[in-house]
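In numbering that gives the first Met the number 0, the protein residues as written are 0 to 159.
Each statement offered as a hint is correct.
DMTMM-like mimics (lysine to aspartate or glutamate), calculated; alpha carbons at most 25 Å apart, straight line: (1) Lys53 <-> Asp101; (2) Lys73 <-> Glu127; (3) Lys150 <-> Glu129; (4) Lys150 <-> Asp133; (5) Lys73 <-> Glu129; (6) Lys150 <-> Glu127.
What follows is a list of derived Cβ distance ranges for each label pair: (7) Ile114 <-> Leu135: 25 to 35 Å; (8) Val111 <-> Ala152: 43 to 53 Å; (9) Leu22 <-> Ala146: 30 to 40 Å; (10) Ile65 <-> Ile88: 12 to 22 Å; (11) Asp101 <-> Ser149: 51 to 61 Å; (12) Gly54 <-> Asn139: 38 to 48 Å.
For the record, the hints were derived by calculation from the structure and aren't laboratory data. Ideal Cβ positions, reconstructed from N, Cα and C, are used throughout, including at glycine.
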Amino acid sequence: MENRNKPKCSSIIITISLFIAYLCLFLLISFTNTKIASDRIAYLNNPFFTSSFKGVLTSLQMLICIAYASMQHKSARVLAHLLPAFTIIASVMHMLKNNNRDVVPGLTTMCVCLIAVIIIHNQITRREKEALTDYLTGLNNRRSISAHLSKMAHGSKPFG
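Let's have the full structure, built from the sequences with the hints guiding it.
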């Protein structure tokens, strides 16, 4: 019992730490884009510095999406699809509204991330299906039948 809870806790800790790092970098980039920050800190006027932080933020977002896609929870897998999809939509809206082509590298990276998440999701779904069926007959194996019976037993009401 204790071994089953340990991977769940470690994945939650990793997810929370990645999300905190993502938020810190996002706030740092938001601060560097202000006029006050560029007046006080001399190296912020260099566009390469800001682009580097944006690249790190995009890479971290990709890592979070791929980590979510590989988790067993359905809500994490849905979030893995939604995070890059919303980023793509927001980037396209920003690009069209402000005629800003600086978001194109991040946009293509998020498209690649969404494709990678879809591929990972399809692979996991196929492997789970293969794990529950017999290779020769194509019928449910003992593991899937016992899981189905336990679901039925827990879902039914006692005494009628």
